[in-house]
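Trainee: Listed here are the chains, written in short residue letters.
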Amino acid sequence: MFRITFISILLLSHIAGSKAQQDFNNFKPLQSVGNIPSDFFVRTSSKIEEDMKNKKENLNVREPKIFLEGIHYGIDEILQSGLVIYGDEISEYVTKVAHKLLEKDSKLRKQLRFYTIKSNQTNAFSTDQGIVFVTTGLISQITSEAQLAFVLAHEIAHYVEKHVVETFEYRTRNRGINSQIQQLSVYSQEKEFEADVEGVKMYYAAGYSDEILTSTFDVLMYSYLPIDEIPLPRDYFNSDLSFVPEFCFPDKEFPIKVDEDYDDSRSSHPNIRKRKLKAIETAENYKDWGKIKSHFGEQTFFYIRNLARFERVRSDIIEFQFADALYTIYILEQEFPNSLYLTRMKAQCWYGLSTMKHANKINQTVMATKDLEGEGAVMHAFVKNLKELELASLATRIVEDSRSKFPDDLELKALSERTNRALFNSDRFEIDNFYTYNFQVGYEKFMASDSLKEISKSEGDTLVEEKKLSKYDKIKLKKRSPESAPSAFDSTDYYYYMLSDLVKNEIFKTLYTNFKIEKDDEKALEEAYNKMTRSEKLKFNKEKDRKANLVDLSSFILVDPAVISYRKGKVDHVESEKMEERVVEGFEYVSEELGLKITTVGRGNLEDLGTEGFNQKSFFTSMLIQSSNARGVDIFPVDYSMINSLTKQFGTNKLVFSVVEHAYRPRFSPYALYFIFFPPGVLGYLPVPFIKGNETEINLIVLDLEKAKVVTGASYYINEPLNQFTIEARLYDIFLNKNSAQ
Amino acid sequence: MQSKLKISLISLFIICVSNFHAQNSGYLGKKTFISADTRLFVPLLYNWTHVDESQKYKADGNSLNPARNLLSYGFNVTLGRAVDRKLAFLIQASVLNFKVSNESFYTPNNGSVIRSSFFHCRSLGIMPIIEITGTDGLSPIGLSHQIGLGFYQNKMVDKEYVVLANEYPDVVTYSKDNIDFFDFNNSVKSYSFMYKLNLRIPISRSLLYNFGIRYNLNFTALAFGLSDDKKGFLYSASETSEMIRYANRNNIISLETGLTLTF
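From first to last, the protein sequence lines stand for chains A and B.
Each residue of the first sequence is one higher than the one before, counting from 489 in the numbering used here.
Each residue of the second sequence is one higher than the one before, counting from 25 in the numbering used here.
Possibly wrong hints are sitting among the right ones.
[What the hints assert, rightly or not] Straight-line distance between alpha carbons at most 30 Å, and here's what the computed DSBU-like set of lysine-lysine pairs gives: (1) B:LYS54 to A:LYS1180; (2) A:LYS1035 to B:LYS110; (3) A:LYS1195 to A:LYS1085; (4) B:LYS55 to A:LYS1180; (5) A:LYS1004 to A:LYS893.
[Unchecked claim] Where chain A lies over chain B, by a calculated footprint (3+ residues, C-beta under 8 Å): (6) 156-162; (7) 165-172; (8) 218-231.
It is worth saying that the hints were derived from the structure and are not from the lab.
The beta-carbon is built from N, C-alpha and C at its ideal position, and this holds for glycine as well.
Let's have the full structure, built from the sequences with the hints guiding it.
Mentor: The structure is reproduced here in structure tokens:
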């Protein structure tokens, strides 16, 4: 009886455990879990105030206030970036490993908090406030729990030793989160060695194996490469309907160039070789090393790593690194061939590539030729070499195959529609140029044709021998007899065979017909416009702009605005933070005045919204980042399904986001020097720069979450001081004029 | 979200959206406004060009103490209506107090008057104004440019003045007790063309704080007549208008500050 109960409990716990785990075939992006830690909602100025009271004396820096401001605003920027998660499976795992390292130090265990950053940088860093960040990029690259343990031990050592980062000055403009991470993890070479030495000590005490220790440095050294080095087969894109000739792939290898003994004289970090040697030297001081690679099981580690690897794909798509994402998908497909998530992401990548190519921005998604290294570079080189129509056709093929694989998936359906449209939009696209049979049939047809027989005969071959020729021999044959080239089989047109099923499909044909009608209408309108007089054109444009900018704003979601207030050329963080709150209040006041429904998902109400609100905010922020990276190109939201469910939950698809900047900078005209000839005039001129000295910029955009497009917005550049009422006046104006419901 | 990535985000987005060709929303829907301003003149030229040769005086009993006219002042009440995002029409009533002196008649050897205290003049005027805001203007708030052409009536103020006159062989002191200096009922007309750079900053949901610098070009109509046609006054009408014109001409720059109520 006892035995049965025990087994039942075991089974139940296993089932319960597996329920909590991710099913990689239906992977969902990681979200925060549990109660929201105060790190995420306490005002930065309050944190600084608190630290000034308690820590000021212990800080080994010249100007504690400047240091604390730099650090706190930098960290809070990361915490609010939408990329940080807490309580999720990775963060929990990292915490468990860290607690293993700190088994004998309960005080430190309580002090430290471990969060995960969804970033493909291979990095981890600790902060003065007791937060240890680990990136998904790092987890996706390591090969064992022990490597993670050493990285964590190193970071904990920085915290314990109270190491102060070298570059804490918080910069504000045009900096991505990755550079912020980079900046907050820069210590002097001396401190890096010290943290390595202390880290080895902790690592040893936790019983981990010394054999794995130095391999951690390999992870750091090769972190710029993909998660694995698996050759991309030349028939990877081939299927029943698709054939991509080998000549489309690069004909050379891309050697890995990095050397571990690089020049580190100008770097804050010592080079890998020096760190390795130091770690080995330190390790030799300890005897009876443990043999543990993993305290929590290899399977758990690989599961966690796969989570990070799946997240890696998402991060790459947000960053428009489609070729990298595709190579990672290719690696993950080996293990998870039926993953809906990977299929969706792959379709997203191909749609993204197709639109970027059309916009002539493909170089933003693939590496420069000189930077190509390793097996992953093949994907880059392949994508880069494709012409627009080739790429659009291949993208359509792959997305269509994905949709066929999961016919009920709405995301893939939406992607298919968009990819088709991107194809129609491609240069030189004519549906009639596409064959109604695939490449193989085309080749066979050609083989059976009289023209080929004639060519073959002229070469003195028999038909039987001719059939044995490969397609490349056929190309050579074509080249040998240029006069007969038009009738020779041309494999460079391989992409015209890729859509053989679609060009016969009525839905596809209707879509194309509708697209053509739309284009014809546009053309007719353009012609009518060209015939207009100048005043008619002005009137027409004005009305067009007005209509184009009108959207239904009766209900919208507001995310945290960004407010930057400068004083004496530097950011006044405290004022900026206060003003940010006032801007949110301004939105709320205006919404009430105009009878609009506003849902605020921001830092100010995170304490009330809790983790659910934090996760929603993160999804919206990710979408904004993705939109920002698109640089004007249409995007497909990486979290399409999640965004759609949030749209339904909030009852609106409008996301409002604003940026406000203010500085007081009286500028004196150089012409004022002429007052030297008439000095009293100075008094008449003097007040002018001071009156005009306020420089305020208010920008607002409204994003349609379903279309993933900016649907309206406004931008003001005004010489007015910034206060709550200035903001309210402008917001009132925007919502009155842009809201079609008003 | 505090991320400054948003800055690049917005700068990218903003190219996709056009600005307004839309109706004027005024200040939170309020387009009519009334302002009350104090106006402070800095009689720059007046002081600059007459530092040594013509000291001014103020009356102290029956004696004169050297003084300078560093500041004249006035008050404006303005009613305005924003008719467009960038355009407003205003009508302004002003009362100005400024000092004039008789320095234009001061001739050390030949003239009769030697020294006088400042005389006070009061102007009442009305001025229609056009107000134009900048590119992203939202009348009535923010930085604006005002252009106006107004009409003023200037009158000397009946106060205690002291004039020392050369009545050979004596120097006679004139005061209100023994002479009528001016015909205080007589008014002198003047016209003023002005440009003002004005800033209205919202300080509550209906109140704005104004601040601006105003440049005036004043043209005063001279009363024609003989200088000795004094009709019992120490200064004739033409002398009075000459004095006012001189002072008005020098009141080029003024600073204005006040409050605006929007409704």
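Trainee: Could you work out which earlier hints the structure fails to respect and list their numbers in ascending sequence?
Mentor: Nothing - there is no hint that the structure violates, so all of them hold.
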